[in-house]
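Given next are the chains, with one letter for each unit.
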Amino acid sequence: MKKIISLTFLFSALCAFAQKADTTKTKVKVYGSFERNGQWYTNDKNRGIHQDTVPLRANNYFNVNFNYKKFTIGTQVESYMNEALLNFNPKYKGTNFATYYANYKTKKLDITLGHYYVQFGSGLALRTWEDRSLGINNALRGAKVVYSPIDEISFTALYGKARSGFDVANGDIFGFNTDVNVSQLLNVEAFDFKYGFSGVSRYEKLPVAVQNFSAFTNLFSNRFELAYKNYYVNTEYVFKSRDAIIKQNVLDTNFAKEGSALLVNFGYSKKGIGFDANLRRVENMQLLAQRNLDNYPTLSSTSLNYNDKILNFVPSLTKQHHSNLANIYVYQAQFQVVMDESIQVNKFGEIGGEFDFFYDFKKGSALGGKYGTKINLNVSSWYNLKAKFRYTNNAGENIQNYQAELFNANEKYFSDYNIEITKKVSKNFKTAFTYINQYYNNKQIQGIFKEFDINSHIVFSESTYQLSDSKSITFGLEHMWADNDRKNWAAATVEYNHNEHWSIFAMDMYNYGFDHKTLTISETDLFDIHFYNFGTAYKNGSTRVALNYGRQRGGLVCAGGVCRFVPPSTGLGLQITTSF
Amino acid sequence: MKKLALTLMLFISALGLSQNKLPSITLKNLEGTTVSTTQNFIEKDKIYVYCFWATWCAPCIQELDAINDVYEDWKSQANVEVIAVSIDDARTNKRVKPLVNGKGWEYTILMDTNQDFKRALGISNPPFTAVVKNGEIVFTQNGHTPGSENQLLEQIKALK
Chain A
0 MKKIISLTFL FSALCAFAQK ADTTKTKVKV YGSFERNGQW YTNDKNRGIH
50 QDTVPLRANN YFNVNFNYKK FTIGTQVESY MNEALLNFNP KYKGTNFATY
100 YANYKTKKLD ITLGHYYVQF GSGLALRTWE DRSLGINNAL RGAKVVYSPI
150 DEISFTALYG KARSGFDVAN GDIFGFNTDV NVSQLLNVEA FDFKYGFSGV
200 SRYEKLPVAV QNFSAFTNLF SNRFELAYKN YYVNTEYVFK SRDAIIKQNV
250 LDTNFAKEGS ALLVNFGYSK KGIGFDANLR RVENMQLLAQ RNLDNYPTLS
300 STSLNYNDKI LNFVPSLTKQ HHSNLANIYV YQAQFQVVMD ESIQVNKFGE
350 IGGEFDFFYD FKKGSALGGK YGTKINLNVS SWYNLKAKFR YTNNAGENIQ
400 NYQAELFNAN EKYFSDYNIE ITKKVSKNFK TAFTYINQYY NNKQIQGIFK
450 EFDINSHIVF SESTYQLSDS KSITFGLEHM WADNDRKNWA AATVEYNHNE
500 HWSIFAMDMY NYGFDHKTLT ISETDLFDIH FYNFGTAYKN GSTRVALNYG
550 RQRGGLVCAG GVCRFVPPST GLGLQITTSF
Chain B
0 MKKLALTLML FISALGLSQN KLPSITLKNL EGTTVSTTQN FIEKDKIYVY
50 CFWATWCAPC IQELDAINDV YEDWKSQANV EVIAVSIDDA RTNKRVKPLV
100 NGKGWEYTIL MDTNQDFKRA LGISNPPFTA VVKNGEIVFT QNGHTPGSEN
150 QLLEQIKALK
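Line order of the protein sequences matches chains A and B.
Residue numbering for the first sequence is 0 to 579, as defined by numbering that gives the first Met the number 0.
Residue numbering for the second sequence is 0 to 159, as defined by numbering that gives the first Met the number 0.
Wrong hints could be hidden among the right ones.
As the list claims (entries may be wrong) - Heads up, simulated PhoX-like pairs for lysine-lysine below, C-alpha to C-alpha not over 20 Å straight-line:
no.: 1; chain 1: A; residue 1: 28; chain 2: B; residue 2: 20
no.: 2; chain 1: A; residue 1: 538; chain 2: B; residue 2: 117
no.: 3; chain 1: B; residue 1: 132; chain 2: A; residue 2: 26
no.: 4; chain 1: A; residue 1: 104; chain 2: B; residue 2: 156
no.: 5; chain 1: B; residue 1: 27; chain 2: A; residue 2: 107
no.: 6; chain 1: A; residue 1: 69; chain 2: B; residue 2: 156
no.: 7; chain 1: B; residue 1: 117; chain 2: A; residue 2: 28
no.: 8; chain 1: A; residue 1: 104; chain 2: B; residue 2: 45
no.: 9; chain 1: B; residue 1: 132; chain 2: A; residue 2: 28
Hints in this document: simulated from the structure, not taken from any laboratory.
The following block holds chain A by itself, in its conformation from the complex (with noise of 0.2 Å):
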């Protein structure tokens, strides 16, 4: 504790002395953020729940950065106090410095040592990022020197090994991008065209035994950008080198295979219309920062349940929805091998698309009215790859092999086609009205056997009425139908904002008309009850603070293809962040 203290003065006196020398026009800049996310977790007898034996809980971050002229260094503080936020990775544990870095920045170099974080491509080979909702931050510890040489060309040399709570897993993890705007170079008006390239290598010594493949897997990705006129068409090939693949939370040496990515997106927009598609296949491709995984029993989770580890994202290409209801069953990329004889689920990968089509009904039109009217249309279906496949080899050993076709579709996942339409109605009264179709394969992408498949209705309106310059209210309300799972689901949301610093709200989810005979329903996972929540946030600048009461729902959470179940909660949260 001594330690943080005297950090903190540290930080309080560089501060200091930063702005003092700010003042004399040495233009040393300081800046950085402060967030904390705490919550009092509380009995709950209507939902059998007891405090839990650590009720106060936060995740604090503190960042602070020196910048003088070319130079800038800088360090994030992260304190998990008592313990880290329930269902948050069980390696942040305590206070300690969790990213550092000394950066030097020209116009045509950078060079980053210590923490760093960067994407190549869309991330399919390789991205390190923060999201603290989700706990995931795999910055790279090492070293990264970006050169352009001229506006037109870029190259990223990379080394280093990734974050994992306050250490780093154990890959070395070597990297190497360019990315070319072609037409710019070469003069070229007519139309745009850029070219990108990057190699991802990961070392991580094996055992002498294993022979079948090698300790570096390398991933390499191709992709191009090219626009004409209101046309445009990208798209990404990643090649991933043989690798172990995980079976059952266990890495399987004997279990070797490549993978792959394809992504082909395409459309076409000019003002008033936009079309969008995105297309992909995606085989075998999960990566992480080490193979082994960090197993929890007492938590019966892995490190793979915090998105711990992770070196590239495939994220799940539907739809983001902002209805609450929309957001239970959601769907997760299935971008990792599964074969499972005992509950018979054999995934390779998925296939699919995403389809948006916007437009906007002129002012004035028949539909548009005097204020216009906003549609979007959204459709995605996903499914598994159609694959050969055993559990033994010839010689009658556990060592299972598949051959996936190309372009050939299997059992589908999950698929949702919705569309959403914007009113301004008067100059103070703006409606949204949604309606979602959602399909789920309960089976296939939780991997738990359940008989049924999901395929739920919903629907979801928001108004919002403007009482005076400053004063508003927001009402939503929404209604689910998922008969073959939970039955009826309904949902009200109330916002009222008294000026540009105070703002309430209160909401409710109920679940109800199910059979208890026909459904079991997990004893963690209530649902003949209220799941409400309510709360104030004042806001001034680029500081908020935000207070609320309520209960979160227990359940399957899902993330990065795996699921695991996490306890419900009640309790009492409070949110601050601030910049400077």
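Based on the hints, put chain B in the right spot on chain A.
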């Protein structure tokens, strides 16, 4: 108690400072051309309004829709440019272009795909607005309140 003291100290030291210079960040615009926050957008005395948003953030879209309705009016009253910085990552960033066009927005769009710009400004969640004049951050606004675009215009006009 010590923990509380620590938190308080951190918080106070954070509040005691205020950033003024816009950090130098290189990112791409909607056409994929590389631009820099300190080499582009540097017209003298022009007011640049950086609005951080995402395709999945309803209040952000509400804010940008609202500003778009009065954008012509803004431009006639002040030398102002709105730069909408999308923090969509690879999951949703392909939806940015059709959405911007479909909504008929007139803004300069920047793609902060791995959120370097967002991180440099210490933003936790969008919407977040930073008003910049001559490379200095004049004021910031965390979150959006319906109707706050009118106050924003007043504040911009006061900067002239």
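Going down the list of hints, with the structure as the test:
no. : hint            : result
1   : 28(A) / 20(B)   : 7 Å, holds
2   : 538(A) / 117(B) : 18 Å, holds
3   : 132(B) / 26(A)  : 17 Å, holds
4   : 104(A) / 156(B) : 35 Å, violated
5   : 27(B) / 107(A)  : 16 Å, holds
6   : 69(A) / 156(B)  : 34 Å, violated
7   : 117(B) / 28(A)  : 17 Å, holds
8   : 104(A) / 45(B)  : 26 Å, violated
9   : 132(B) / 28(A)  : 17 Å, holds
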